[in-house]
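**Q** The residues making up each chain are set out below.
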Amino acid sequence: MKQLKRGNITFARASLYAFMALAVGSWAYILAGADSGLEDMFSGRAWGNAGGFLKQLMGLEDSLTDGGRPAFLDLGRWAETGKLAYRTLLMSVLAISFAGVGVLLTFLPAARNVSNGELGGNPSPALGVLYHLLRFVFAFTRAVPELVWAMVIVFVLSPGVLPGAIALGLHNYGIVGRLSAEVVENMDPGPARALRSAGAGNLQMLAYGIIPQARAQFLTYLLYRWEVVIRTTVVVGFVSAGGLGREFRLSLSFFQYTDVALIILWYLILVVAVDLLSGFLRRMVRAD
Amino acid sequence: MIWTGTPKSKGPARLLETRRLLSLVLIGALVWSLASVDWGGGIVHTGGGDAIKGFALALFPPELSPEFLKVALAASWQTVVHAVAGITLAIVIGLPLGIAASGSLGTPGRSSTALAVAVRFILAFMRSIHELVWAVLFVTAFGLSSLAVVLAIAIPYAGILGRIYSELLNDVPQGPLVALRSSGASPVRVLFYGRIPMVLTDILGYSFYRFECALRAAAIMSFVGIRGLGFEIQLSLNDLRFDEVWTLLFFLVGLVLLVDYWSSRVRRSLQS
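Heads up: the sequence lines are chains A and B, in that order. Each residue of the first sequence is one higher than the one before, starting from 1 at the first, in this note's numbering. Each residue of the second sequence is one higher than the one before, starting from 1001 at the first, in this note's numbering.
Chain A extracted, bound-state conformation (with noise of 0.2 Å):
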């Protein structure tokens, strides 16, 4: 029992007892409560239905309103549909971009070393309540979810490809934001202060210093962010009826499942098309 006297281990190992005590509480919570689908877990009628809907998926089994051959062998309908992969590709850069874009204007007050002058300067209280406000609005950012943000987006703007791109952009903004800002906090000083004390302005310093050291971890950070992003562009496309996710909900509310087939392996194919794009993009950032 001797380790455990050392206060992190006594705190990592107190944590996990307490995860295990709340997760034992959220099962039996669940479990007992009325609506937690045991029973459809273990009922036949449960599986028929969901065998039925895997077999109207594939369009084995003729659905309600479909009538004629599947989408999926519809070249008509891939087109269509995939005008719409189109417009969620395009959706999912944009979000990028103003992540992107939004972190580079802020991202150098929200790093601790810059605010209190340790990469040269003079710190200023102005600059640390800038540094504390650019931090709370970092992690609020991040905390609310892109579709929580989507829902009240479209109160104010007009439905479409902007309003996704903008409420994953701001989640995400937060993401990148902190972590950039964190690079900077652990980037070695010493370029920076040299540009400092030989007389550089904030823009240049930002320029010469700092971007030249942080560029390819913010870039390798969009990149990977990006990848995240074009599994959520169909969720958020859910209530922002821009691309894929609209017609995703469309098809499903008019039980129109070759059609919601087809939807997922687009969804599937930009998935996969992303990856490799930003894996390339991401070798690129590491080979200058």
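Everything labelled a hint here was simulated from the structure, so no lab data went into it. All C-beta atoms, glycine included, are put in the ideal place defined by N, C-alpha and C. Some hints here could point you the wrong way.
[Said to hold, decoys possible] Label pairs and their computed distance ranges (CB to CB):
#1 K1070(B) x P159(A): 28 to 38 Å
#2 Q1174(B) x E185(A): 27 to 37 Å
#3 R1265(B) x A273(A): 31 to 41 Å
#4 P212(A) x W1262(B): 48 to 58 Å
#5 L75(A) x K1053(B): 42 to 52 Å
#6 P1096(B) x L38(A): 16 to 26 Å
#7 I1043(B) x L268(A): 23 to 33 Å
#8 N113(A) x G1054(B): 39 to 49 Å
[Said to hold, decoys possible] Facing chain A, from chain B, some residues (calculated, C-beta under 8 Å):
#9 K1053
#10 A1085
#11 S1146
#12 L1204
#13 I1220
#14 S1264
Could you slot chain B onto chain A? The hints should help.
**A** Just chain B, lined up with the frame of chain A:
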């Protein structure tokens, strides 16, 4: 750095090209996306300006009556329950899949057995589809229930965790494994006495980090109709009760930040 005239592998001209090409691609993507949006009129709703004003004014003060705080607290609990159940199920599914995907049960030194490749493909498929899309599919197939939602969180998270676990298991130092093997330990023993003990803290740390993400995932599960913070936010938005929306947003942010703080402290204490 002293310029020796022999850069890593490529000439200086080539390096410049990569960088210029990359910048060109990124700026091109930015311009393309901005140009493709229809910026002409009708971007803001009629009444969109009023909505912003109403939303901003509702912050002073948010709805803080005891009855509503009770609603928000109950909704937070629902969200936590789904998140915790989802992430525990994800760990239970992800750990064996991660071990299989790491290929560490096969012949030593070869990680690309047929089984490992197949499992890696399954994991990639599981995490390719967003948790809410899984939820919509499950609710359509099985009907609305807590378990459907928990499963919808668990599947993509097991896909992510499984991949990370397998990478962690593969990146362990080889020395202790060789020692175990040479003393006659079977692959299963090597796994349980060699690989897993070495990566256990990393596995715990990463799983805790994912718990924070699961919390957000659970909050938006309201979209398929399950109760929780997202559900209440949706109700309040429909009633145009923006003051209630603010309260619920602060509950959500507080919850996420709390778990974020907890998980970062756990990770720090595991590292030291």
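**Q** Give a verdict on every hint.
**A** Status of the hints after comparison with the structure:
no., hint, result
1, K1070(B) x P159(A): 28 to 38 Å, "holds, 35 Å"
2, Q1174(B) x E185(A): 27 to 37 Å, "holds, 34 Å"
3, R1265(B) x A273(A): 31 to 41 Å, "holds, 39 Å"
4, P212(A) x W1262(B): 48 to 58 Å, "violated, 36 Å"
5, L75(A) x K1053(B): 42 to 52 Å, "holds, 49 Å"
6, P1096(B) x L38(A): 16 to 26 Å, "holds, 23 Å"
7, I1043(B) x L268(A): 23 to 33 Å, "holds, 31 Å"
8, N113(A) x G1054(B): 39 to 49 Å, "holds, 40 Å"
9, K1053, "violated, 10 Å"
10, A1085, "holds, 5 Å"
11, S1146, "holds, 5 Å"
12, L1204, "holds, 7 Å"
13, I1220, "holds, 4 Å"
14, S1264, "violated, 11 Å"
Hints 4, 9, 14 from the earlier list are contradicted by this structure; the remaining hints agree with it.
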